[in-house]
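J.: Sequence:
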Amino acid sequence: MNPPAVGLPQSIGIGKGTVSLDDFDQTELVISIGHNPGTNHPRMMGTLHELSRRGVPIIVFQSAA
1 MNPPAVGLPQ SIGIGKGTVS LDDFDQTELV ISIGHNPGTN HPRMMGTLHE
51 LSRRGVPIIV FQSAA
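Following the UniProt record's numbering, the numbering of the sequence shown begins with 1 at its first residue and continues without gaps.
The hints are simulated quantities; they were obtained by calculation from the structure and are not laboratory data. The reader is advised that the hints may include incorrect statements.
Quick list of the computed label-pair ranges, beta carbon to beta carbon [to be verified]:
no., residue 1, residue 2, range
1, GLN10, GLY55, 34 to 40 Å
2, VAL6, ASN36, 15 to 21 Å
3, PHE61, GLN10, 18 to 24 Å
4, VAL60, GLN26, 17 to 23 Å
5, ILE12, ASN40, 17 to 23 Å
6, GLN10, ARG53, 19 to 25 Å
7, VAL60, GLN10, 24 to 30 Å
8, SER11, GLU50, 17 to 23 Å
9, ILE14, SER52, 28 to 34 Å
10, PRO42, GLY7, 18 to 24 Å
11, GLY13, ASN36, 34 to 40 Å
12, HIS49, PRO9, 29 to 35 Å
13, ALA5, GLN26, 25 to 31 Å
14, ARG53, VAL6, 22 to 28 Å
Glycine included, C-beta positions come from ideal geometry on N, C-alpha and C.
My request is simple: use the sequences and hints to build the entire structure.
T.: Put into structure tokens, the structure is as follows:
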């Protein structure tokens with residue numbers, strides 16, 4: 001079982017993410033911790049490319065494990 005499926009219900013009561021891609025229309029910064037959207041969330045990649053074109057900083061923290 002993947003970590004969000006375990007951790008999210010325990011912490012917020014629902015087993016899926018709470019962010020809508022529409023939220024990115026207003027964002028000024030994206031921080032990605034511990035996941036690879038190109039592999040795990042391909043639908044999000046177009047949004048990230050658009051944000052980058054608009055000059056929105058995208059910061060990624062990924063372990064090398």
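J.: Look at each hint and say if it fits the structure.
T.: We went through each hint and held it up to the structure:
Evaluation of the 34 to 40 Å hint for GLN10 and GLY55 yields a pass: the beta carbon distance comes to about 37 Å. At roughly 19 Å, the beta-carbon separation of VAL6 and ASN36 lies within the given 15 to 21 Å, and the hint holds. Checking the proposed 18 to 24 Å range against PHE61 and GLN10 shows it holds: the Cβ atoms sit about 22 Å from each other. For the hinted restraint 17 to 23 Å between VAL60 and GLN26, the CB-CB distance of approximately 20 Å keeps it satisfied.
At roughly 19 Å, the beta carbons of ILE12 and ASN40 sit within the given window of 17 to 23 Å. As the Cβ distance of GLN10 to ARG53 is approximately 37 Å, the hint placing it in 19 to 25 Å is violated. The hinted window of 24 to 30 Å between VAL60 and GLN10 holds, with their beta carbons roughly 25 Å apart. Against the hinted window of 17 to 23 Å, the Cβ-Cβ separation of SER11 and GLU50 comes to about 30 Å, which falls outside the hint.
Between ILE14 and SER52 the C-beta distance comes to about 29 Å, which sits within the given range of 28 to 34 Å. Separation of PRO42 from GLY7 is about 22 Å and conforms to the stated range, judged on CB atoms against 18 to 24 Å. Range check, GLY13 to ASN36: about 26 Å between beta-carbon atoms, so the 34 to 40 Å window is missed. Take HIS49 and PRO9: their Cβ atoms lie about 31 Å apart, and the range 29 to 35 Å holds.
Checked against the given bound of 25 to 31 Å, the beta carbons of ALA5 and GLN26, roughly 28 Å apart, stay inside it. Evaluation of the 22 to 28 Å hint for ARG53 and VAL6 yields a failure: the beta carbon distance comes to about 35 Å.
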